[in-house]
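Protein chains in written order, with numbering that gives the first Met the number 0: chain A, 0 to 494; chain B, 0 to 494.
If you're looking for bench data, these hints aren't it; they were derived computationally from the structure. Some hints could be false.
As the list makes no split between identical chains, a pair holds if one copy fits it or if it spans any two.
[Stated by the list, open to error] Cut-off 20 angstroms, straight-line C-alpha distance, at most; resulting in silico cross-link-like pairs (SDA-like, lysine to any residue):
hint, residue 1, residue 2
1, Lys462, Arg38
2, Lys462, Asn111
3, Lys462, Gly127
4, Lys462, Ser163
5, Lys462, Ser137
Number of protein chains: 2
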Amino acid sequence: MLVRVASAACLLLSANAFAQNDGLISEESAATARELMERGLDSDIGYEVVRSLTTEVGPRLAGSEQEARARDWAVQMFTELGFENVRVEPFDMPYWNRGEIDLRIVEPFPQNLFATALGGSAATPQNGLEREIAFFDSFEDLRDAPDDGSLQDHIVYVNDRMISVQTGAGYGPANRKRQFAWLEAEARGAAGVIIRSVGTDSHRFPHTGMMSTPSARSVSVGSHSQIVIDYLESEHPDYETSNVRSSIPAVAVSAPDADQIERIHALGETLTVELSAVAGWRGVRQSGNVIAEIPGRELPDEIVLIGAHLDSWDEATGAVDDGAGVGIVTGAAQLIGQLPRAPRRTIRVVLFGAEEVGLLGAFAYARQNASDVGNIILASESDFGAGPVWSLTSGTSDEGTLFLDEVQSIIAPLGIIRGDRANNGGGPDIIPLAMQGVPVFRLTQDGTDYFDLHHTPDDTFDKIDPDDFAQNVAAWAAVVWLAADSDVEFRMQDE
Amino acid sequence: MLVRVASAACLLLSANAFAQNDGLISEESAATARELMERGLDSDIGYEVVRSLTTEVGPRLAGSEQEARARDWAVQMFTELGFENVRVEPFDMPYWNRGEIDLRIVEPFPQNLFATALGGSAATPQNGLEREIAFFDSFEDLRDAPDDGSLQDHIVYVNDRMISVQTGAGYGPANRKRQFAWLEAEARGAAGVIIRSVGTDSHRFPHTGMMSTPSARSVSVGSHSQIVIDYLESEHPDYETSNVRSSIPAVAVSAPDADQIERIHALGETLTVELSAVAGWRGVRQSGNVIAEIPGRELPDEIVLIGAHLDSWDEATGAVDDGAGVGIVTGAAQLIGQLPRAPRRTIRVVLFGAEEVGLLGAFAYARQNASDVGNIILASESDFGAGPVWSLTSGTSDEGTLFLDEVQSIIAPLGIIRGDRANNGGGPDIIPLAMQGVPVFRLTQDGTDYFDLHHTPDDTFDKIDPDDFAQNVAAWAAVVWLAADSDVEFRMQDE
């Protein structure tokens, strides 16, 4: 990345010579964007924000004391960096935690496996479960399996692999087993479920992540978990969709451990495993969204909302997921806040709580700020690690699309092309806003390696490349500035 | 590696055209060596041996039931592959095991750390230890610290880093803290010791490994732990050298956790940690060496001894340490055993037990076979992973050196140069034999990445590159064949 950033910096120096101002972006505003890009490539403020969060708070599971500490940290951080209107918007949420887990092969070749509970997993009975494995090559094989009682007294194992794709497009297909294997296993009377981790690495780290439990979302937002409800209605019409929680333990094993299960299965051996887990739901706790602003100089009621999520899974310090996003959007906004002249519109930074466990902060934000949602003229989240940005996508009005075409030409020296001009959601925590018609953009990052670390204990600060990180800050600072300093109508008229 | 192996195979096909036979190696023997190299590049027998060991036995801690299963596995494997004189030579050993460990930062920023006990570590008191950290940048800083009582009621932390070197030369300097920090800490009244893992990766795996406890070796072999005794005599002349064991817990943290400790220390904060460990010595258990032979056709009493170690640490399946060595020497010997004509001398394969805990199998072998040691005309061990061989080194008579110069010219197409012609020990388990004058060689592997995995839970079968592995088998088959099929005197006359 060093080479690209270095050449980008050189291009920036001469960029004014080539600037074409076709009217939607003023020359003054464009010049400021270029200045912000140069400062972004040089600034370490955002990077130091991630260092501070991952060091001084560490892991911050949604609803935990550590997440509460993260909110205190964020309030102090925003205040010290000169943001205005710094506030916390708390909300209640159902609390799940992991606790200890033990998984070992009992027969035919006794050995321990590296496993972790999936979010929403139930505990095993106190003395654990010892069961034969029912091996499925894929989630589809499990879904299509007959309910003939053959899974009674078994633990289901689902083996399919995730592929590494720059866009992260391998995640959706691979993630179906994490989301729904428990439902299919439980419906067939299985005692538990084990999946090959949803990840692209070959290290001995299991990947956690939430099972799709409508209850996790419905407590705070009613029935927003549409994907789960749709699935249940089409596949399991007899389920109660109002408060479905897994009654069986569901765990992921690391890729090398999944390979081990696969090799033993390939020998034609029957595997028996012993599983002991204490994971479970623990009542209601508090989470919260932390909000900070740079008030607009002319149109303060119009808001460019940029976000990231403050919570992380509990086994790592959440550096790439989503400490990086916190640092990128904060670092970019801070650079804009340092300018002698504020942008015309308000920039609102939202650090969402409880993203990992079902976008709870995002839905709480949309609910708690319902009267204000119409004032959000553009929104985006950074939540895909710290790899370099390579594409600007957007879902806005036609005028907004043309404007963002121009924006892309300004950030092109950072190595960023123009991507899709159709709504792609703006990031996980933006979904509830986008569902209400809020225009969105994304600065799409290279996620080739993202799922090596995603939801593992290995998601730590050392994994962030400072140069790639700085390129993100530079891009965000420019795009956010240009949108906030404009009066372009990104919202669609018919919404 | 594919490219190199492919080009090596092409070279082999035409190698006869360039072969120079200057007398020590017969043309017939050289032709057989070349044939073995081609077969080695194509054979998957050795690779499948590693797959079988790591899958069907898994982890195999010295003295454990799993190590006993590994001996049964080895006997069956050697027998099925057609080896002769397959036997186990058992020996008693002191047994240490790890058990659970918990390490967390209590102040200033509460969070869990990923740690593992070092081999030989004592347990903490049952309720754990909560102590301030005494931070040392390096082992030397600790060693040179005054004994002024300032470490009383502290847990010592030693931070220095290992560098990655192709030869593995970074291990010795970095390993001093693993070997001796407990001694220095204990001597100054500290309650425990934590080290940055001895490793070159940046993953969340702590690296275990034996502390230097003379007792571990002295039980079976008297006082062979000369390095420890030398150190004690020069630095701590008042120590009882006959049975020194750590009375304090000693643990390693992963590199990212060490970074975390370092960052918090750099903020000027006092760290308090809570450590709970149950590791300790558990009496006497049995280990054993497994031996198999290809009897020589003319000089059966003269032995070319090749080895690897059968035990592994308990947290992984020991694929690169030392399943790879087991597969490489077995695969090479099996290829020789398949030839229509046996070599002149006997090839003896020794899979040593209890290497990790102090070369106990190696010392037991030398003791139990004392009358036979003089018949070993050349010895070597493969115990440095599965990276490609790049150098042939040796420590033999002058005639042996000239012979091995010729051998190198035959294996050169595999990408192997001639290295040092002075005794470099032949591999860890060969040390006791080399100390008695047994001539040695090594096929030096590329260890650039070896210490990424070494002694971590991540040492699993998927980490072995089949092409690199095959190059090892090819090189071993050729060298061992040529030495065993010759009547060259490798032994030095004055020994």
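Quick rundown of the hints versus the structure:
no.: 1; hint: Lys462 x Arg38; in the structure: neither (23 angstroms within a copy, 42 angstroms between copies)
no.: 2; hint: Lys462 x Asn111; in the structure: between (28 angstroms within a copy, 18 angstroms between copies)
no.: 3; hint: Lys462 x Gly127; in the structure: neither (36 angstroms within a copy, 32 angstroms between copies)
no.: 4; hint: Lys462 x Ser163; in the structure: both (18 angstroms within a copy, 18 angstroms between copies)
no.: 5; hint: Lys462 x Ser137; in the structure: neither (31 angstroms within a copy, 24 angstroms between copies)
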